[in-house]
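Student: Read off the chains here:
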Amino acid sequence: MFTYLLAFILFAVGLYSVINKRNLIKIIMGIIIMEHAVNAFLILIGYRLSGEAPIIEEGATVTEFVAAAVDPLPQALVITSIVIGLGVVALMVSLAVRIYQHYETFDITEIRKLRG
Amino acid sequence: MNGMSRIVKTVSRWVAPFIIAFGIYIALTGHLTPGGGFPGGVIIAGCFILLTLAYGKDRVKKIIGVGSAEIVDSLASLSFLCMGLLGYVFGGSFLSNFIQAGFPGNPFGLLSGGNMPIINLAIGFKVGGSLFVVFAFLALFRAIEED
Amino acid sequence: MLPLFVAIPLGLGFLLPLLEEFRERSKLYAGAMILETGFLLALSLVKFGDKGIYRMGGWPPPIGINYVLDGLSSLIVVVISAIAFVTAIFSLTYMSEYRNLGKFYGLFSLMLAGMYGVALTGDVFNMYVYLEVAAISSYALVGFNRGPEEIEASFKYLVMGAVGSVFILLGIAMLYGSVGSLNIAEISVRVSEMADKSFILLSTALFIVGFGLKAAFVPFHSWLPDAHSSAPTPISAMLSGVLIKVLGIYALSRLLFNGLNLPELAPQVLTWVGAGSMFIGGMIALGQKDLKRLLAYSSVSQMGYITLGLGMGGVLISQGKPAIATLALIGGIFHLVNHATYKSLLFLFSGGVEKLYGTRDLSEISGITGLSPVSGAAGTVGTLSISGIPPFNGFWSKLVIVIAAIWGEMYPLAGIVLFTSAITLAYYLKVQKELFLGEVAERAGLPGKISPGLYLPLVILAICCIGLGLLYLPEFRGVVLKPAALALQEGSEYTKLVLGL
Amino acid sequence: MVLIQVFLVFTIIAALIAVEAPSTLSSIISLGAVGFGLSIAFLWLGAPDIAITQVVVEIITLVILIRATIGKGVTDIKGNESKPMLIGSLILFGLGSAFFANYLGAFPEFGKTAMDTFSEPASQFYLKFGLDKAGGANIVNDILLDFRAYDTLGEATVLFAAILGAITLLQKKVFFEGKGE
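Residue numbers (the working numbering), protein chains in the order written: chain A, 1 to 116; chain L, 117 to 263; chain V, 264 to 764; chain X, 765 to 945.
Quick caveat, the hints were computed from the structure, so don't treat them as lab data.
What you are looking at is a predicted structure, and each value in this text was computed from that prediction instead of being measured.
The beta-carbon is built from N, C-alpha and C at its ideal position, and this holds for glycine as well.
It is possible that some hints are incorrect.
Computed list of lysine to any residue pairs in SDA-like fashion (alpha-carbon distance at most 25 angstroms, straight line) [said to hold, decoys possible]:
| hint | chain 1 | residue 1 | chain 2 | residue 2 |
| --- | --- | --- | --- | --- |
| 1 | V | 419 | X | 831 |
| 2 | X | 892 | A | 51 |
| 3 | V | 419 | L | 255 |
| 4 | X | 936 | L | 184 |
| 5 | X | 897 | V | 318 |
| 6 | X | 892 | L | 223 |
| 7 | V | 693 | V | 722 |
| 8 | L | 178 | V | 282 |
| 9 | X | 936 | A | 102 |
| 10 | X | 897 | L | 214 |
| 11 | X | 897 | A | 64 |
| 12 | V | 419 | X | 787 |
| 13 | V | 310 | L | 125 |
| 14 | X | 897 | L | 217 |
| 15 | L | 177 | V | 362 |
| 16 | V | 584 | V | 464 |
| 17 | X | 892 | A | 67 |
| 18 | X | 897 | L | 195 |
| 19 | L | 125 | X | 831 |
Which bits of chain A does chain V cover? Going by a derived footprint, with three or more residues having C-beta under 8 angstroms, they are [unchecked claim]:
| hint | stretch |
| --- | --- |
| 20 | 23–31 |
| 21 | 35–47 |
| 22 | 72–81 |
| 23 | 90–96 |
| 24 | 99–107 |
Here are the computed distance ranges between Cβ atoms for each label pair [said to hold, decoys possible]:
| hint | chain 1 | residue 1 | chain 2 | residue 2 | range |
| --- | --- | --- | --- | --- | --- |
| 25 | V | 627 | X | 851 | 39 to 45 angstroms |
| 26 | A | 59 | V | 315 | 40 to 46 angstroms |
| 27 | X | 789 | L | 178 | 30 to 36 angstroms |
| 28 | X | 862 | V | 311 | 43 to 49 angstroms |
| 29 | X | 892 | V | 582 | 40 to 46 angstroms |
Start from the sequences, fold in the hints, and give me the full structure.
Tutor: In structure tokens form, the structure reads like this:
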């Protein structure tokens, strides 16, 4: 139970960074940290004590494999969510670069002032 | 900006084929060993990015060209969709594994997963192409500010 | 036939940017878009009546992903296709001066595919993935003009959307942790068997926050006015008309009503959030100068009506008054359909006005009926129906919500609804007075006439605004709106349809 | 089990450094530490697929982030948002964690997956019939490419839409020839 709490602390750090930071890049990093936290939580949910990776070797019998393997479904979800996170990061960085070209700063409070 | 020092250029020139081979290996044997389309594609994109960083944008643009990477990206996505539609036509429902239903390969062989290796390869090319395109545009975009 | 709703927009979305590599500028892209949305509209109308599921890849529901076509999703699919078709026709002429149209229509088509994916799916994580597809395409489309303001608005929209998505994913992770399944029907079966429901309350709170960010409920609405006013007009019509509804309130109500079997606090929270956003959205809209910002704030307030209707339905179900609950749900869904029509009409109209006058500032533009009578008339229909004048559709859906509030003995809610309708009437009369009836304000160097391509869609939507008023009559309501309301109300019907229990 | 907790604590510390570091570059580097720490934790959690994907995606994220910030007259913006925002978010955190704390008891205890608590979950089916129904030995990719291939189609579309959006925003060409803009 304590391990889940660690994942939520990581999530809280990311949320804190998104809300409180003035630097655009720190806001982007906040969202990346939150994505990492949720992925970690998903994998922790699917972990079976001393479970092994859900890949069948050549000789292994299926019943013994099923008893030992870790839950594969959250892992499939996490691969999808990691690549979604990568797509969102690519979009955010290209927007931040564009903003820097227009406003010459990454500071969100300045941008609000300049935007009027 | 004509790339980094000579040492970096030669090292990256030697390492590049191994990285690409490793990327294709990860993408192709996705259904047997850990890995799959996504990490394989990202590794291939990483190799191209390494070459772009080492040799500078203009050299690499001549060899690969950003337009062709976009075309690879769209074509690979279209082929994934066509695999789905083929499943719709042959296997009865959208995205069904009709090759596996038809003639399943031997369980641990390379061609064992029906249309899984094909989809893996399509995703690998798609992710590789699209990430390289984004990096090229980011690098290109920054270049304008400097000159 | 069902996967065609997602396959065709995806195919076009991948194809159009590819074609743009070869043929830089052509009407091909807009034409392909109109053909595609026309075909999908026809398909959605054909598919309107029936119920059923579609197994993806042939796998039975708890194993694979499945589509669910019941009263509510078929209605939502029709609304998406209709608004997309009209917007595509409008964008044929409006976007003709832009380049990069292949990418624009590619992203437009992917957004469409994402919305269809969310509307039809019966799987929680799949709903999250297609919600991301629609959201990411709309982030890029909002920043399409690449001006300083558009980019900043798109960045703010992206940050708040990404935070919303992370909350939704955390909610899904918690749900999977406690229930062990991703299929909405199987979740509702397992939730009903569960004794300790505290984990479900946690994921409900996360869903309400996450989908609240997507649907611009009041505490999270600050991105909407910037995003909807700086997006190109056809996109802001799609965003306000359909996207915030399908991604926000439809997905949330599908999860809460069908998935989590209405956890105790959820409908009350939904009702009060709806009332709050209705009231505050209306008040802010009163003081707006810019036409599109006024429409955007009025979207926030109208979304409040829909959330109020659905939330009230949930409260009445838990209070054990099914008849009034159905009426409240019908009110919410009816208002969703109406708002889609007249809000996209008004946004497309504001695009025409902007092209005509070159500015959106209400104080500088007036006497539009003098310059272009048809679009003036269509705009008047739009403003009258949004402010709830009797013959038009806005009045009937607000009437249903007020009746449901009174019969359900929730008099403060009925009071808020009436008061907000008065505010809405006030700020649209302001628009009416300045924009339509004033003397013609000449603007040098502007086309001075709205071309047919721009006001034809307005006329179509105006006819819908008048026609949809008929839905209030019992026999039409029974066919169209009642099955949609019952789809939400009877969870057991949903599980029987999907799992065949 | 303790090893996993050690790695998670390491990632939390790295995340805190990333958030509070004055210079942008050093905060990006510690963000990389968060990602790599997590991927090692994934190895111990029996998820080799995710570890590979996480490492590689982390490299690309770092490269893109550094590329966007290098040489921009390094923007070390100190200090947080305005005071009211800070106080508002602290209250928000307080409320959230309070609401959260009283449900801590209901967490499924670590190490017992949802597969064991319920009768015949989908993941048992994947593990049992993954090899002969879908044909692949790697069950995670079986799920990704066969049982839930529709998810992966959406996934590929998300990346395609994000990259298409990024290209549209980064393009040099003039977008609008008409008047007004």
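Student: Does each hint hold? Answer for all of them.
Tutor: Tested hints:
no.: 1; hint: V:419 <-> X:831; in the structure: holds, 22 angstroms
no.: 2; hint: X:892 <-> A:51; in the structure: holds, 16 angstroms
no.: 3; hint: V:419 <-> L:255; in the structure: holds, 24 angstroms
no.: 4; hint: X:936 <-> L:184; in the structure: holds, 18 angstroms
no.: 5; hint: X:897 <-> V:318; in the structure: holds, 16 angstroms
no.: 6; hint: X:892 <-> L:223; in the structure: holds, 14 angstroms
no.: 7; hint: V:693 <-> V:722; in the structure: holds, 22 angstroms
no.: 8; hint: L:178 <-> V:282; in the structure: holds, 22 angstroms
no.: 9; hint: X:936 <-> A:102; in the structure: holds, 14 angstroms
no.: 10; hint: X:897 <-> L:214; in the structure: holds, 11 angstroms
no.: 11; hint: X:897 <-> A:64; in the structure: holds, 18 angstroms
no.: 12; hint: V:419 <-> X:787; in the structure: holds, 23 angstroms
no.: 13; hint: V:310 <-> L:125; in the structure: violated, 60 angstroms
no.: 14; hint: X:897 <-> L:217; in the structure: holds, 8 angstroms
no.: 15; hint: L:177 <-> V:362; in the structure: holds, 24 angstroms
no.: 16; hint: V:584 <-> V:464; in the structure: holds, 23 angstroms
no.: 17; hint: X:892 <-> A:67; in the structure: holds, 10 angstroms
no.: 18; hint: X:897 <-> L:195; in the structure: holds, 23 angstroms
no.: 19; hint: L:125 <-> X:831; in the structure: holds, 19 angstroms
no.: 20; hint: 23–31; in the structure: holds (count 3)
no.: 21; hint: 35–47; in the structure: holds (count 5)
no.: 22; hint: 72–81; in the structure: holds (count 5)
no.: 23; hint: 90–96; in the structure: holds (count 4)
no.: 24; hint: 99–107; in the structure: holds (count 3)
no.: 25; hint: V:627 <-> X:851: 39 to 45 angstroms; in the structure: holds, 41 angstroms
no.: 26; hint: A:59 <-> V:315: 40 to 46 angstroms; in the structure: holds, 44 angstroms
no.: 27; hint: X:789 <-> L:178: 30 to 36 angstroms; in the structure: holds, 31 angstroms
no.: 28; hint: X:862 <-> V:311: 43 to 49 angstroms; in the structure: holds, 47 angstroms
no.: 29; hint: X:892 <-> V:582: 40 to 46 angstroms; in the structure: holds, 45 angstroms
In summary, the structure is inconsistent with hint 13 from the numbered list given earlier, while agreeing with all the others.
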